[in-house]
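Visitor: Going down the list, the sequences are from chains A and B.
Mapped onto this note's numbering, the consecutive letters of the first sequence carry residue numbers 153 to 568.
Mapped onto this note's numbering, the consecutive letters of the second sequence carry residue numbers 122 to 208.
Hints are computed from structural coordinates only; laboratory data are not their basis.
Don't be surprised by glycine CBs; every beta carbon is placed ideally from N, CA and C.
Check each hint, because a few of them may be wrong.
Unchecked claim - Some, not all, of what chain B presents toward chain A, calculated at C-beta under 7 Å:
1. Y139
2. R158
3. H160
4. Y162
5. T193
6. L194
7. H196
8. I198
9. L203
Unchecked claim - Taking CB as the label site, the calculated pair distances span:
10. T202/B / R317/A: 34 to 42 Å
11. P125/B / L482/A: 25 to 33 Å
12. A306/A / F159/B: 33 to 41 Å
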Amino acid sequence: MRYSWLNILKNGLTGQTGWTPAWRDAAPKPAYDVIIVGGGGHGLATAYYLASQHGIHNVAVIEKGYIGSGNAGRNTTIIRSNYLLPGNEPFYEWSMKLWEGLEQELNYNAMVSQRGVLNLYHSDAQRDAYARRGNAMRLNGVDSELLDRDGVRAMYPFLDYDNARFPIQGGLLQRRGGTARHDAVVWGYARAADAHGVDIIQNCEVTGFLHEGERIVGVETSRGPVRAKKIGMAVAGSTTRVAAKAGLRLPIESHVLQAFVSEGLKPMIDGVVTFGAGHFYISQSDKGGLVFGGDIDGYNSYAQRGNLPVVEDVAEGGMALMPRIGRLRLLRMWGGIMDMSMDGSPIIDRAPVPGLYLNAGWCYGGFKATPASGWCFAHLIARDEPHKVGTAFRLDRFRTGHLIDEKGVGAQPNLH
Amino acid sequence: MRIPCPYCGERDAHEFSYLGDATLTRPDPAAPDAEQRFHDYVYLRDNPAGAHREWWYHANGCRQWVKVERNTLTHAIAGATLARSAS
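The following block holds chain B by itself, in its conformation from the complex:
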């Protein structure tokens, strides 16, 4: 598996470490239903079989967080953007 790092170009996945699902957003701790939403945020996952947007950290490269779109059925990577520019 090779990840196209926006800074470094296509690099082996060995250079990266994996965090997980990049579609989660941290809830507002002041919200009235914050307890429920934090439970969902910390523990529940869509875990799709197919396209998955996920965080990888280019530890042995540019040391940037990268948002990668990868297919969990084939491991094919559709693209990668820097976390700071990812929406």
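Just chain A, with the same shape it has in the complex:
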């Protein structure tokens, strides 16, 4: 069913009885052309683009829980393409472009809101680094503006400009950046993929892989074996655990990242603002809650909950940036498990085992990448060659030295 104002009107007049489920609750068939393991944003986007761009409709998305129950439903919903390195920037910009047309393409309201992402700088050295990043963006045809203090003040007069330790000198602004409704992205891709014939199989855990010689030819699941010509893994957070079943040892550690939502408020922050002297990013949801977060906790974890030192650190960052939030109460806080790769950048590549494809290592930046990740992964699976904006995300870059280390901290995942 196509969503339109006419349908809303019609159902409004007929007691809302005409709506149908947005996707079928599919049971696994014995075999598919492609299986995607993981029903998060990336997996569902991959299935959708396999069907819509490459004509491969006989696809299953196999999800252990319900779709979007992992990091797709746990992030702070920020979308942006303000990266420095040539391996990253064209990819994230392609993602941004897909975000811009996503709702029309999926016929689903993902609440994409290009409200601007502003990274604040607090020192001369940081200004220079941001100017460099802004210029790198422009070289890739992406919008960026370096604002001085007055430029920032005109946008956000309430920030603490004269903080004794971290005075705000200005900021790097990407006006096309913003936020999207994370759950709606999952639902929108699921609905659109389903309409193309993709089976979305929930509550079905992949427990192993089926081998034929060296090749992987299917998955063993809690609902029986399912065979496929090609199998894509998009299970960031659990990549190590799933890949281990295929005998792989990967350049990934799992870490916990916490996020926070305050009680609801009247509109007070109309964009995304990040504090440059610590690690703190904040926006306001349409429901009114302030959505914010900071660093990962910094130790290996699969627990989906963090500890108090980082809560304190995030709160301190918020207070240094905008003291007016000091008396707000937190409504919720939670943790998600990040695939922290060894250089802070993702992996979209063939696995060393034939038949298996990897989409992993998204660190804590996977949400904004959802459309392009699906686009590039679908391209790789369908054609067995990387898409041109995803060529840098190779698994063997750790061996060849072609690392994409945006932060320049080396093989220390808890510092990325």
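Take the given structure of chain A and dock chain B to it, following the hints.
Guide: Quick look at chain B alone, frame taken from chain A:
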């Protein structure tokens, strides 16, 4: 999370900084397959869901390196030994 430092007793994890997997051993650079083994040593991790042996540095305490066994699913800590006595 509180880490039982062998010198200082049970202290908040806040006082420590984290390095990572303590089961890795630095390969011999003179070995014929040193390149392969250094790649594995620097980049590849077991990343277990469950018991994990890991290095923590008690920066705001005794300034000793401590080898901690911690469960990555529950954050429960089974024990800690000093790095210099750890095998």
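Visitor: Does the structure break any of the earlier hints, and which numbers would those be?
Guide: Numbers 2, 4, 8, 9, 12, in rising order.
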